[in-house]
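Asks: For the sequence shown, my numbering begins at 3 and goes up steadily by one.
In short, the hints are calculated from the structure, not lab data. Be aware that a few hints might be false.
With a straight-line cut-off of 35 Å between C-alpha atoms, the simulated DSBU-like cross-links for lysine-lysine are [stated by the list, open to error]:
(1) Lys125 with Lys63
(2) Lys262 with Lys180
(3) Lys281 with Lys22
(4) Lys63 with Lys177
(5) Lys54 with Lys125
(6) Lys281 with Lys64
(7) Lys64 with Lys54
(8) Lys180 with Lys54
(9) Lys159 with Lys262
(10) Lys261 with Lys64
(11) Lys24 with Lys261
(12) Lys281 with Lys159
(13) Lys263 with Lys24
(14) Lys281 with Lys125
(15) Lys64 with Lys177
(16) Lys263 with Lys180
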Amino acid sequence: MLGAIVGDIAGSVYEWHNIKTKDFPLFREDCRFTDDTVMTVAVAEALMNGGKRDDFIDAMKKYGRMYPQAGYGGRFRMWLQSDDRAPYNSYGNGSAMRVSPCAWVMDLGYCARTGCWPTYGRKEAELSAEVTHNHPEGIRGALAITDAIFLARYYFKGYGSEYETPAQDPAEFKKHIKEHIEQEYGYDLSFTLDEIRPSYQFSASCQDTVPQAIVAFLESTDFEDAIRNAISLGGDSDTIAAMAGSIAEAAYGIPEWIKKKAVSYLDDPLKDVLRRWRKFVPKY
3 MLGAIVGDIA GSVYEWHNIK TKDFPLFRED CRFTDDTVMT VAVAEALMNG GKRDDFIDAM
63 KKYGRMYPQA GYGGRFRMWL QSDDRAPYNS YGNGSAMRVS PCAWVMDLGY CARTGCWPTY
123 GRKEAELSAE VTHNHPEGIR GALAITDAIF LARYYFKGYG SEYETPAQDP AEFKKHIKEH
183 IEQEYGYDLS FTLDEIRPSY QFSASCQDTV PQAIVAFLES TDFEDAIRNA ISLGGDSDTI
243 AAMAGSIAEA AYGIPEWIKK KAVSYLDDPL KDVLRRWRKF VPKY
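Take these sequences, add in the hints, and give me the full structure.
Replies: Put into structure tokens, the structure is as follows:
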């Protein structure tokens, strides 16, 4: 989930001041964590608490109220502050930017042994979206990002070799990921970033940001390049970078200096969740 946090922090200063280039300082002094980080942390804590519907609702309301100025959308802010626990049919990209922890509890070994998708983690990803973003597009976006992260873990860690994926061929790995997302979710991933960058504008919907985030990863050469790709599009920069970063982390890992710099922007409660998460995920 740290990949999502890195993307959020790096992109935070460009959300309302878009740039259309990859040439920028990855971290600035005025960078900060936003709602993308806060809700990603909330999903992680919900999973550690059991991953049931009430766990997701409780964690989101807890951390949302702890950080009321993190930059939430209007309807989500109202939901956070109210006693209402019902979803409100959103198709915003909030469901997809926060979902990454769910992909890290999916069992790679089970998939390698059986050729089947593990249900644990994928089911929780859907639930993490449904508690607020129960519109079909909100759920589709969250599941597409979850699958992309899981497949990046699966192929780049070598489990995919028994399915006729050439060993150590990132281009082939990405081809498999692209084909799965297009076939399973109907997203068109045939565009290039250079083609859409000049005209791409702000949107907070899943359907207008999830494909762009996935292509930012598909075109990348390493973790940092994926973040730069995402931010260079403009639009909802921090959220697109959070989604792209969450996939890139699974494929490439995160350079140590980037980890340390990103964590330096977090306060103690958020760092505590990260510490507990590191202890929680190794069993998967």
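Asks: Now tell me, hint by hint, if it's right for this structure.
Replies: Hint by hint, here is what the structure shows:
Pair hint lysine 125 plus lysine 63 holds up; C-alpha atoms about 21 Å apart against a cutoff of 35 Å. For a cut-off of 35 Å, the pair hint linking lysine 262 to lysine 180 stands: about 31 Å separates their Cα positions. For the hint linking lysine 281 to lysine 22, the alpha-carbon distance of about 39 Å lies beyond 35 Å, and the restraint is violated. With a CA separation close to 38 Å, the supplied pair lysine 63 and lysine 177 exceeds the 35 Å bound.
Restraint check for lysine 54 and lysine 125: satisfied, since their Cα atoms lie roughly 10 Å apart, inside the 35 Å limit. Our distance criterion of 35 Å between C-alpha atoms is met by lysine 281 and lysine 64, whose separation comes to about 22 Å. Taking the CA atoms of lysine 64 and lysine 54, the gap is about 15 Å. The hint holds against a cut of 35 Å. Between lysine 180 and lysine 54 the alpha-carbon distance is near 30 Å, which keeps this suggested pair within the 35 Å criterion.
Proposed proximity of lysine 159 and lysine 262 is supported: the alpha carbons are some 23 Å apart, at most 35 Å. Taking the CA atoms of lysine 261 and lysine 64, the gap is about 25 Å. The hint holds against a cut of 35 Å. Straight-line distance between C-alpha atoms of lysine 24 and lysine 261 comes to about 20 Å, which keeps the hinted pair within the 35 Å bound. Pair hint lysine 281 plus lysine 159 holds up; C-alpha atoms about 20 Å apart against a cutoff of 35 Å.
Only pairs whose Cα atoms come within 35 Å are accepted, and lysine 263 paired with lysine 24 is accepted, the gap being roughly 19 Å. The straight-line distance between the Cα atoms of lysine 281 and lysine 125 is roughly 22 Å, inside the 35 Å bound, and the hint therefore holds. Distance restraint check for lysine 64 and lysine 177: the Cα-Cα separation of roughly 39 Å exceeds the 35 Å cut-off, and the hinted pair is therefore not satisfied. At most 35 Å may separate the alpha-carbon atoms for a hinted pair to count; lysine 263 and lysine 180 meet this at roughly 31 Å.
Going through the hint list in order, the structure does not satisfy hints 3, 4, 15.
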